[in-house]
Each structure stands twice: as C-alpha cells, then as structure tokens.
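Trainee: These protein sequence lines map, in sequence, to chains P and U. Each residue of the first sequence is one higher than the one before, starting from 26 at the first, in this note's numbering. Each residue of the second sequence is one higher than the one before, starting from 123 at the first, in this note's numbering.
Don't read these hints as lab results, they were simulated from the structure. This structure is a prediction, so every number in the text was calculated from the model and none was measured. Ideal Cβ positions, reconstructed from N, Cα and C, are used throughout, including at glycine. Accuracy of the hints is not assured; some may be wrong.
Said to hold, decoys possible - In silico PhoX-like links for lysine-lysine, alpha-carbon gap of 25 angstroms or less:
1. LYS126/P x LYS169/U
2. LYS86/P x LYS68/P
3. LYS169/U x LYS86/P
Unchecked claim - Sample of chain U residues with no beta-carbon within 10 angstroms of chain P, all distances over it, derived:
4. ILE140
5. ILE153
6. SER213
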Amino acid sequence: EVQLVQSGAQLRRAGESLRISCEISGYNFATHWITWLRQVPGKGLEWMGRIDPRDSYTVYKPSFQGHITISADTSITTAYLQWSALRASDTAIYFCARWVKGPTFDYWGQGTLVTVST
Amino acid sequence: QSALTQPASVSGSPGQSITISCTGTTNDIEIFNLVSWYQQHPGRAPKLIIFDVTERPSGVSTRFSGSRSGNTASLTISGLQADDEADYFCSAYVGSSVIIFGGGTKLTVL
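The whole structure should be built from the sequences, with the hints applied where relevant.
Mentor: Set out below in structure tokens:
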C-alpha cells in the first residue's frame, strides 16, 4: 500500500527555520517525483515545487524560488520541505504528493499545519 | 502563470447532475491538454478523481466524468449524493514542470 506520512503540526516565530518531512512507503521511492503544495486554510491549493528523488533535481514555482528548499533522502525514503526564515504569510497547510505526470498527483500525505507568529 | 478560473460554488439536489467549469488559456489547458480534478472534504487531503482530462483512477465512481472544449475543462457529477459535498479543484500543466490550480468550487448538495 502506497503511503505518504507527514510530520506533525508546527508552531514557529517569523524569522525562524523549519523543516517538515514526508515519509514514503509502498513503492520504489526513486520512480516518482515528489511534489509539495500549500493550502491556506479555507483557500485553494498552490503548487510549490517538486523533486526527482533519483538525482535530487528540483523545480520551484517562481514565487517560492529562494524562499524554500525541497530535498530528499533516498536511504530513508523521505522528502523534505524547509525554510531558513519563515514569514507570517507562510502560515498554511502543506501537503506532499506523488507526481504521476502533468498535473496528476495520485497519492497524498495527510498534510502538515505550519503556523508562523509575528 | 495565472490561476485557472472556477465558479466559487455550485449546488444541486440528490440525484441531479452538476457541472463545474475550469477556464484557462490557450497556453495551458488548450495547448497541453493535461487537466486533473481533485475532491477535498473538510480537514482531509485532496483526492484525485479525474486525470488526463477524461480518465478516472481505479476506484473512482463512474458518476464522475471530465471533458474539455477549447480552453475550458469541465467536471460533471451525475446522480448527486450527499457525500459528494466537498471542494473541487482543477489543475493544469503549463510546461517546465509547473502546475497551476483553479481557486476551487464548493459543491453543496441540497
């Protein structure tokens, strides 16, 4: 069974760093890109970027470039999303998902709520 | 890349059919013809219900169907059921590994 299990909710202050995780199981981690998406509570979904676990090649949505880092550790089949300096506007729910092709993400993590206070 | 345009809300009675539109441009929906739809219940992760404009993943009800005309994709739900009440999001590929989403449509089953 394919599963993406994300780390728990986080509360941080603006300016602090954070890394959240997405542990993958049930398939060969190297065969599918992993993507991260943001959802402000009550709002829509926003694609942030993706990583190819085979070579850690990443692509970011331009508006997130330089603010986030997506990485992956194939030895523990885990993908990460991290910030070096959080902003209050980063408050949202973050989802990881398995990329199939185009805009198709077939398995999703349960989501991680990140709250950033000023 | 601009977001796709969806109606904010739609509603229907049990047993009826509804259609949710998703309008893009010639640079996304029309040129790449790669559109997916997701259903999201409150407090849950999105669930893939349509991919490649018209295809249903295994296990998704045949009551869900997708189509496209020009730069507008559509999701039709037939035989509405109470559990269909959720938010629905369309998404499209715009090249260079970049994805855009619609703002979402809240479906109310009356």
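Trainee: Indicate, hint by hint, whether the structure satisfies it.
Mentor: So, going through the hints one by one against the coordinates:
1. Proposed proximity of LYS126/P and LYS169/U is supported: the alpha carbons are some 16 angstroms apart, at most 25 angstroms.
2. Among the hinted pairs, LYS86/P with LYS68/P is consistent with the structure: their alpha-carbon atoms are about 18 angstroms apart, no more than 25 angstroms.
3. Taking the CA atoms of LYS169/U and LYS86/P, the gap is about 22 angstroms. The hint holds against a cut of 25 angstroms.
4. The beta carbon of ILE140/U sits about 19 angstroms from the closest Cβ of chain P, which is more than 10 angstroms, so the claim that it is off the interface holds.
5. Every CB of chain P is more than 10 angstroms from the CB of ILE153/U (nearest about 12 angstroms), matching its label as outside the interface.
6. Listed as outside the interface, SER213/U is inconsistent with that label: its C-beta sits roughly 4 angstroms from the nearest C-beta of chain P, within the 10 angstroms cut-off.
In summary, the structure is inconsistent with hint 6 from the numbered list given earlier, while agreeing with all the others.
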